[in-house]
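Use the sequences and the hints to build the structure in full.
There are 2 protein chains.
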Amino acid sequence: MYRTKTCGELRLTDAGNEVKLAGWVQRTRKMGGMTFVDLRDRYGITQLVFDESKDAALCERANKLGREFCIQVVGVVSERQSKNPKMPTGDIEILASELNVLSESLTPPFTIEDQTDGGDDIRMKYRYLDLRRSAVRKNLELRHKMTILIRNFLDAQNFIEVETPILIGSTPEGARDFVVPSRMNPGQFYALPQSPQTLKQLLMVSGFDRYFQIAKCFRDEDLRADRQPEFTQIDCEMSFVEQEDVLQIFEDLARHLFKEIRGIELPALQRMTWHEAMRRFGSDKPDLRFGMEFVELMDVLKGTGSFPVFNEANYIGGICVPGAADYTRKQLDQLTEFVKRPQVGAKGLVYVKFNADGTVKSSIDKFYEPEVWQKVKEAMGAKDGDLVLILSGDNANKTRVQLCTLRLEMGDRLGLRDKDKFVCLWIVDFPLFEWSDEEQRLMATHHPFTMPNPDDIPLLDTDPAKVRAVAYDFVCDGVEVGGGSLRIHDGKLQEKMFQILGFTPERAMAQFGFLINAFKYGAPPHAGLAFGLDRFVSLMAGLDSIRDCIAFPKNNSGRDVMLDAPGELDPKQLEELQLKVDLSQE
Amino acid sequence: MYRTKTCGELRLTDAGNEVKLAGWVQRTRKMGGMTFVDLRDRYGITQLVFDESKDAALCERANKLGREFCIQVVGVVSERQSKNPKMPTGDIEILASELNVLSESLTPPFTIEDQTDGGDDIRMKYRYLDLRRSAVRKNLELRHKMTILIRNFLDAQNFIEVETPILIGSTPEGARDFVVPSRMNPGQFYALPQSPQTLKQLLMVSGFDRYFQIAKCFRDEDLRADRQPEFTQIDCEMSFVEQEDVLQIFEDLARHLFKEIRGIELPALQRMTWHEAMRRFGSDKPDLRFGMEFVELMDVLKGTGSFPVFNEANYIGGICVPGAADYTRKQLDQLTEFVKRPQVGAKGLVYVKFNADGTVKSSIDKFYEPEVWQKVKEAMGAKDGDLVLILSGDNANKTRVQLCTLRLEMGDRLGLRDKDKFVCLWIVDFPLFEWSDEEQRLMATHHPFTMPNPDDIPLLDTDPAKVRAVAYDFVCDGVEVGGGSLRIHDGKLQEKMFQILGFTPERAMAQFGFLINAFKYGAPPHAGLAFGLDRFVSLMAGLDSIRDCIAFPKNNSGRDVMLDAPGELDPKQLEELQLKVDLSQE
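Residue numbers (the UniProt record's numbering), protein chains in the order written: chain L, 1 to 586; chain F, 1 to 586.
These aren't lab readings, by the way, just hints derived from the structure by calculation.
Since the structure is predicted, the reported quantities are computational estimates derived from the model, not experimental observations.
Any given hint could be a false lead.
What the hints assert, rightly or not - With the Cβ distance kept under 10 Å, some of the chain L side facing chain F (calculated, not the full set):
id, residue
1, Asp41
2, Met184
3, Gly478
4, Phe514
5, Met562
Unchecked claim - Simulated pairs of lysine to aspartate or glutamate, EDC-like, Cα-Cα distance not exceeding 16 Å:
id, chain 1, residue 1, chain 2, residue 2
6, L, Lys466, L, Glu434
7, F, Lys572, L, Glu576
8, F, Lys145, L, Asp155
9, L, Lys377, L, Asp357
10, F, Lys580, L, Glu576
11, F, Lys492, L, Glu575
12, F, Lys466, F, Glu480
13, L, Lys54, L, Glu98
14, L, Lys572, F, Asp456
15, L, Lys145, F, Asp155
16, L, Lys30, L, Asp51
17, L, Lys302, L, Glu371
18, F, Lys5, L, Asp245
19, L, Lys302, L, Glu312
20, F, Lys580, L, Glu575
21, F, Lys520, F, Glu568
22, F, Lys580, L, Glu371
23, F, Lys520, L, Glu104
24, L, Lys580, F, Asp394
25, L, Lys520, F, Asp245
26, L, Lys5, F, Glu221
27, L, Lys580, F, Glu575
28, L, Lys492, F, Asp456
29, F, Lys520, F, Glu495
30, L, Lys580, F, Asp582
To be verified - Some residues of chain L that are not near chain F, with every Cβ distance over 10 Å (derived):
id, residue
31, Asn84
32, Pro85
33, Arg137
34, Asp155
35, Leu247
36, Arg289
37, Leu332
38, Gly345
39, Val372
40, Asp420
Ideal placement from N, C-alpha and C gives every residue a C-beta, glycine not left out.
Here it is in structure tokens:
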């Protein structure tokens, strides 16, 4: 046996017992003829003591231990003189009588502490050392705990986890597929699934009724923001259900997770339509941890003064930042720059300071009579001491999205986005289609299998852009954690959808023939939802990036810098696949 | 609500209640003014009755229902006149008052029954219909149940499930990799993991201690026998352990599964060395459900008669088939043909019939004095009425493998391979290396990271082929369900292994540099094991093929005939990947 106990479990009640521990040297220090070693394993840290006066040779060997040496120690548990109340094992130490170096370590390239001195790049290259830091390891432990809770919850609700294949066919709709050349079928390729969407719908056709899978998904997208080429979904589908059934089950699941993981009783989730969310927060994933709701100011500011920007605008909206009227010129300039950044893209920021002394100061004072600012104050519900920030533009929703970014920035600045506070809600009634400027056509907001709202079906022929989908997103703290929809199970309606999306019948058949055919054999009404596991874990753990809850993530170029992958192939491999790399096309 | 009850749950105690059911029409039949419909869902079958005398129009609509229509029905639960004790719902029927066709069905291409009339190909093409058959669905339900049991068992033992990446680097050692071109890194490729072997070893370096993952693995091999290009492993690794710790935990896991799934108390598993298994059964995965152990007959038959084949043989071995002395000439001819098949490859079969009347008849009577057959009888422990089958050859182990195939064939013929009987054992002390005729070099029997038996380390320099590995397989009923090994955690020993395997230091570094480097930072002693989930489920369910427990399997050409994948890519996709298909190399 390499150990009889772990480094996290010994307490004062164990005093007097001989134990064997194994782990890594966190640090060593000499003090008055004693050598102290902090021994670390996954379960905690235990202090070892080597007493020079009792065994000088042993102590000498302990002095030679370097950081991250992997060692095994025998000794007696004993009460510490100076206890450390911050550590669960802080009451005891081990009076070591044997020491065995299991393997030595080079000096690690960064310190293995919660607050490390290692930059992102070096920590990714040595990810196996980064994972020794308890701050990182805890995220993976949380991830494990969440998946166990999720699986047992869904199992208890009669859901069956079914593994769907990773090597499937390519469907060039939506994001870009990763593809896999088939040696046995030369010139042909598999694709990795962007999600098990069509396969889980087939399982519904098969009568599986309640399916789930914690499934790897793959998208070959440029990795802006917090994305990974491979990510994990909690993928679910149910038959013989309406939207309400789905929301109920997955709200219960979310409530269960918040309770078990964070000890939080989530209240019943509010529902907000997509239109309302856009109007009030400029986002289909509003962060409701704080207010600063949008107030439309068209009536108050358009045509009531001589500011040409407002007079030409199709949308003017503001947020009221409480207590921020004392923002300095410099701070306001920063905000003005912030909204001009390409990521935000707003043309200009207008501010109105309602000073604590009752005076008003705006960046466009000269264009308006003072009573207009009083109307703004009323409309915004602003109090003396508040700062009102206003954006305007041609396109209402685009301007709202810009205002949303500003709102979130102000939330951050005011410390209102508390990582220990969770406000979840359902966004419902998404538009079924969205216009793609790039493709110059209507695209499915979710995917081509989403059910239109039955009330809007006549609009499919007359004004498809207005059709609402029976689709829903689970949103928490400004993050889209999950989403889903009722699916079309009627062949005729599905045909019409493909038609509106610009598919020829031939193309629809070539891409989705298996599903279209399957629906001819008694397809049940069905609906589903998928949570992003990486995002859900990050949310629960309060992480800034999903990378922090992934054991071996890739960087923004899609590289695993630790494995040095991807890499070049052996020419023999390419030959067997009957492929040639042709970089001339670049 | 689409339904208030499922089709599997109604009992006589529900009589009088109005219920709503939804499901598929299994069959309809008219009888004396009544129409009976068997309604099926995942949970069972419930009989619906439409009474012409009560609602002729409704009954008329019921008469028009076709097989596999998806319908919804309202009615009152009522006691059946003629009960069906074979069905859990056989005591009741539903007196239908409403019928709603949710979606119609074409006539399915085969019957959706436990015993279907559909051949393999058509069932695979319409796999979504095949999955409606309860015989198939039950396998996936079992698979789900097993994974839940496995995860909860391992979780309770402090194992953490960690997801390792699917897009990794190619290591052209062992089987062929599936590769994935990287658009963001033109000319470079990811590989899909053949197993998470190196990644789980890195997690041990990270201190994760007890890892598991139910992981998809990929091997681009020609799909002879019962293989799939993607398959699933229960992949585990532990630190600070010896072989004994690993065997104990996973024997406990297996015992837990057999108990929970099959209600069987597995006895403590016997351990058999690889050498013993080869000697006694000619296989490293012996089927111990029946006897017919090999008896070596070199002393008895080599040089004791004039049969040249035996006199030149380096191995002569036999099995005693109890009570088979009455095998006819035709049956014996069949066996002679059987051993000559290319899959077996034996040169010739010799039989000795110890007839019930005490006489002896052998295919090589003329070469031996009668007393030799008495010695054979003694050596084999044969009784009157038994049949002894003998094979011989130049190479002892090759001949044993042939004799093993014959033994299994006889086990099948005698009905001794009972699918409800489970005999599990550990095979230990595998050879560390095996000679590859193809590559003309020693290859790692398992993989290059397997620890040699400490007693055999001196042999690494003198006679590596004799070195035993600390490696073990979990075998049940002739199936290798799992296997693993203690790993090398010492850099120097690992270097030596690579050297023996013919890796230059540069090549070792290029392929496994990340692991070699990681081991420089205090690698703990570690060991692991992986079960093949598909095989384990098949074993538990008594399936002939792993395909039967996989939702969407591929055929022997690696094709998913339902999805029609793999397929050709859009030229734009190839362009983006800077690849060209070059079929001229064929």
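Against the structure, the hints come out as follows:
Given the 10 Å rule on beta carbons, the hint for Asp41 (chain L) holds: about 6 Å separates it from the nearest Cβ of chain F. With a least beta-carbon distance of about 5 Å to chain F, the hint placing Met184 (chain L) at the interface is held under the 10 Å criterion. Evaluation of the Gly478 (chain L) hint against chain F yields a violated restraint, the C-beta minimum of about 25 Å exceeding 10 Å. Taking 10 Å as the C-beta contact cut-off toward chain F, the hint placing Phe514 (chain L) at the interface holds, the least distance being around 6 Å.
At about 6 Å, the closest approach between the beta carbon of Met562 (chain L) and any beta carbon in chain F falls short of 10 Å, and the interface hint on this residue holds. For the hint pairing Lys466 (chain L) with Glu434 (chain L), the CA-to-CA distance comes to about 9 Å; that is within 16 Å, so the pair holds. Restraint check for Lys572 (chain F) and Glu576 (chain L): the C-alpha separation of about 23 Å exceeds 16 Å, so the hint is violated. Between Lys145 (chain F) and Asp155 (chain L) the alpha-carbon distance is near 9 Å, which keeps this suggested pair within the 16 Å criterion.
For the proposed pair Lys377 (chain L) and Asp357 (chain L), the alpha carbon gap of about 14 Å is at most 16 Å, so the pair holds. Restraint check for Lys580 (chain F) and Glu576 (chain L): satisfied, since their Cα atoms lie roughly 14 Å apart, inside the 16 Å limit. Distance check on the hinted pair: Lys492 (chain F) and Glu575 (chain L) sit about 36 Å apart at the alpha-carbon level, beyond 16 Å; violated. Straight-line distance between C-alpha atoms of Lys466 (chain F) and Glu480 (chain F) comes to about 23 Å, which puts the hinted pair past the 16 Å bound.
A threshold of 16 Å between alpha carbons decides the hint, and for Lys54 (chain L) with Glu98 (chain L) the separation of about 12 Å falls inside it, so the pair holds. A hinted pair counts as satisfied when its Cα atoms are at most 16 Å apart, and Lys572 (chain L) with Asp456 (chain F) does not qualify at roughly 36 Å. Our distance criterion of 16 Å between C-alpha atoms is met by Lys145 (chain L) and Asp155 (chain F), whose separation comes to about 9 Å. Between Lys30 (chain L) and Asp51 (chain L), the direct Cα distance comes to roughly 10 Å. Compliance with the 16 Å bound is thereby established for this hinted pair.
Taking the CA atoms of Lys302 (chain L) and Glu371 (chain L), the gap is about 14 Å. The hint holds against a cut of 16 Å. A threshold of 16 Å between alpha carbons decides the hint, and for Lys5 (chain F) with Asp245 (chain L) the separation of about 15 Å falls inside it, so the pair holds. Taking the CA atoms of Lys302 (chain L) and Glu312 (chain L), the gap is near 8 Å; set against the 16 Å cutoff, the hint holds. Proximity of Lys580 (chain F) to Glu575 (chain L) is assessed by CA-CA distance (about 12 Å); at most 16 Å being required, the pair is judged to hold.
For the proposed pair Lys520 (chain F) and Glu568 (chain F), the alpha carbon gap of about 46 Å is over 16 Å, so the pair is violated. Pair hint Lys580 (chain F) plus Glu371 (chain L) does not hold up; C-alpha atoms about 70 Å apart against a cutoff of 16 Å. Of the supplied pair hints, the one linking Lys520 (chain F) and Glu104 (chain L) holds, its CA atoms being roughly 7 Å apart against a limit of 16 Å. At roughly 46 Å between alpha-carbon atoms, Lys580 (chain L) and Asp394 (chain F) are farther apart than 16 Å, so this suggested pair is violated.
Between Lys520 (chain L) and Asp245 (chain F), the direct Cα distance comes to roughly 54 Å. Violation of the 16 Å bound is thereby established for this hinted pair. Between Lys5 (chain L) and Glu221 (chain F), the direct Cα distance comes to roughly 44 Å. Violation of the 16 Å bound is thereby established for this hinted pair. For the suggested pair Lys580 (chain L) and Glu575 (chain F), the alpha carbons sit about 12 Å apart, so the restraint of at most 16 Å is met. Of the supplied pair hints, the one linking Lys492 (chain L) and Asp456 (chain F) is violated, its CA atoms being roughly 71 Å apart against a limit of 16 Å.
Restraint check for Lys520 (chain F) and Glu495 (chain F): the C-alpha separation of about 12 Å stays at or below 16 Å, so the hint holds. Between the alpha carbons of Lys580 (chain L) and Asp582 (chain F) the distance comes to roughly 7 Å, so the proposed pair stays at or under 16 Å and holds. No beta-carbon of chain F is positioned within 10 Å of the beta-carbon of Asn84 (chain L); the least distance is around 21 Å. The claim that Pro85 (chain L) lies off the interface holds: its Cβ sits roughly 25 Å from the closest Cβ of chain F, which is beyond the 10 Å cut-off.
A beta-carbon of chain F comes within 10 Å of the beta-carbon of Arg137 (chain L); the shortest separation is about 7 Å. Taking the minimum C-beta to C-beta distance to chain F, about 5 Å, the non-interface status of Asp155 (chain L) is violated against the 10 Å cut. At the 10 Å boundary, the C-beta of Leu247 (chain L) stays outside the reach of chain F, the nearest C-beta of that chain being 14 Å off. Taking the minimum C-beta to C-beta distance to chain F, about 29 Å, the non-interface status of Arg289 (chain L) holds against the 10 Å cut.
Interface exclusion of Leu332 (chain L) from chain F stands, the closest Cβ pair being 40 Å apart, more than 10 Å. Interface exclusion of Gly345 (chain L) from chain F stands, the closest Cβ pair being 25 Å apart, more than 10 Å. The Cβ of Val372 (chain L) sits about 52 Å from the closest Cβ of chain F, beyond the 10 Å cut-off, so the non-interface label holds. Every beta carbon of chain F lies more than 10 Å from that of Asp420 (chain L), the smallest distance being close to 24 Å; the non-interface claim holds.
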